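Model the full structure from these sequences, guided by the hints.
Number of protein chains: 2
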Amino acid sequence: MVQTANVFHTMQADLAKVEARLIAAATIDFPIVSGMVQDLVKAGGKRLRPLVLLLAGRAYTTDIDALVTAAAGVELLHTASLVHDDNIDRASLRRGRPTLNTSLSSGAVILIGDYLFAQSAMLAAATESPRVVGIFAASLGDICDGQLREMIDSHRVEQSRADYDRRIYGKTASLFAGAAEMGAVLGGAPNDHTAALRAYGSDLGMAFQIMDDVLDLREETADLGKPAGNDLLQGTVTLPTMLYAASLRSDSEDIARLRRIVTGETEDAAEIQATVTAIRRSGAIEAATEAAEIFVASAKSRLLIVPDSETASMLAEVADIALVRSS
Amino acid sequence: MVQTANVFHTMQADLAKVEARLIAAATIDFPIVSGMVQDLVKAGGKRLRPLVLLLAGRAYTTDIDALVTAAAGVELLHTASLVHDDNIDRASLRRGRPTLNTSLSSGAVILIGDYLFAQSAMLAAATESPRVVGIFAASLGDICDGQLREMIDSHRVEQSRADYDRRIYGKTASLFAGAAEMGAVLGGAPNDHTAALRAYGSDLGMAFQIMDDVLDLREETADLGKPAGNDLLQGTVTLPTMLYAASLRSDSEDIARLRRIVTGETEDAAEIQATVTAIRRSGAIEAATEAAEIFVASAKSRLLIVPDSETASMLAEVADIALVRSS
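Chains as they are written, first to last, in my numbering: chain A, 1 to 327; chain B, 1 to 327.
Derived by calculation from the structure, the hints in this document are not laboratory data. There could be a bad hint or two in this list.
If chains are identical, the list can't say which one is meant, so a pair holds when it fits in one copy or spans any two.
Distance condition first, Cα-Cα at most 25 Å in a straight line; then the derived SDA-like pairs of lysine to any residue [to be verified]: (1) 17 x 34; (2) 46 x 21; (3) 300 x 15; (4) 17 x 131.
Owing to the predicted nature of the structure, the values given are computational and were not obtained by experimental measurement.
Here you go:
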């Protein structure tokens, strides 16, 4: 973590500007709701998406106004998507804090998510770049596609790695890809650089989501800020679970138990805990982590084209953060 | 109705192009869902928002490509908003047809709404006009604001006309205003013309929503395609109800019954029917209709600035349609 703290230090001033834009955009004309939404936005983690966008742009320009605006838009789009996601999953905790679901009606939560989408689109529009707005809208479409796929694929143990990859590309990697692309476009990068940076963002996002899925099974509830094994309980089969399932005999009690959980036949805590433990012992956590490491290596390899070596090395640092993050 | 059919006839070719863009944008990569969403889009009424956009642009340009794109975007934004609205209200009918709620989970409906928002934003971005995208995003923000206000204001009988006007501006008039403004901007209209056309759209939208609220109380269930008095049942106090309430003594049984319904204390069909009948007999329907007529007259007065008299007269026809529409 000492090694990866550097990029946050160097980018502190830019990130502070993004933060200010973000808080301003999350202000709603209803005092109580506005406070809740601002708390939600403030609790928003490491700002990796804005960081990727800022760095991709910084590699080509020193004019950061439009970069800051787009970076705030990307983070707000992500936040809006989490609001709907938590509503759909009826989640009561996110990053250890109560979600909007715990204090507002489902209808109000849906509308607040929509409002944040609108505000994020306003930020994208404020860049005055039709190309950026196009990338922005396409990323939102991809996110919805990924989430619909997750819903349609859920409650089935038998799934292919291709299904999984496509799903997490939409759900997570598309916005990292879009963030890197928007930064490059606003920076005025040549088209082949823009494509390489987009691929970097995509690889990074894939690693990020795989590690998110690993953490859901590897860590304890107290460290996650949400219940461990939550994906299993939701019927979502992630890469570690997929690798674990593939290691089991088709007539084993382990696969039968996994199927009972994933199909929703049981929500018994002891059964879930037993499966989480079995997954941890199976080597699937390590194998999935290795898959994430491969994506990170691929992400870094895309950076060879970036002319500014200092920025390239910070982008490489961000890729490493996907692996070490604790929540 | 004979008189108002003219504009649809003249604009038939343009509207057919909008329709094709709309259907293409509503195609989703999941066959069953895609069919449902396309049916939903096809069942979409008179396309008044696209019509307003096309006409506002037509007054200044003959190049309609970007107008068609933006018009499809506006209609799709409206559709997306209805999908979330029906989900929030748990409505099972819209325009006499089953809503998505009847065949999909709430989560899937929310994601489909989000996907349609994304597709509509793609269309706005495809105009390549940052100003149009800005108007588009601001309209979405206004719609959410209006819907949040409706939610926050609901279940209370005591409300001001100012509350009502602000709410329906956001919920409905903002997108008509935005549609007219986008058309004018894409047509290259001078700023004062653009402002006048935006005001026209806003007035028209106000009239449109007032008549929608009137119809909910004036018409029978069979004609509405949804239950009559539905707004009352949802706890939404609209202009006719507001005018009716203002005519009642504060110690009357009528106001007590209205309060029981609006607060949700009762959902008794006989009580609702008795209140609907009392509202119809009170003159409030006529008074609310008159308020809509005033908005239509105001909308028409904005059109004096429009140089092309043929287009101005078609825009005036569209304003009249707000009053005569049957659902």
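> So which of the earlier hints does this model not fit?
Replying inline: none
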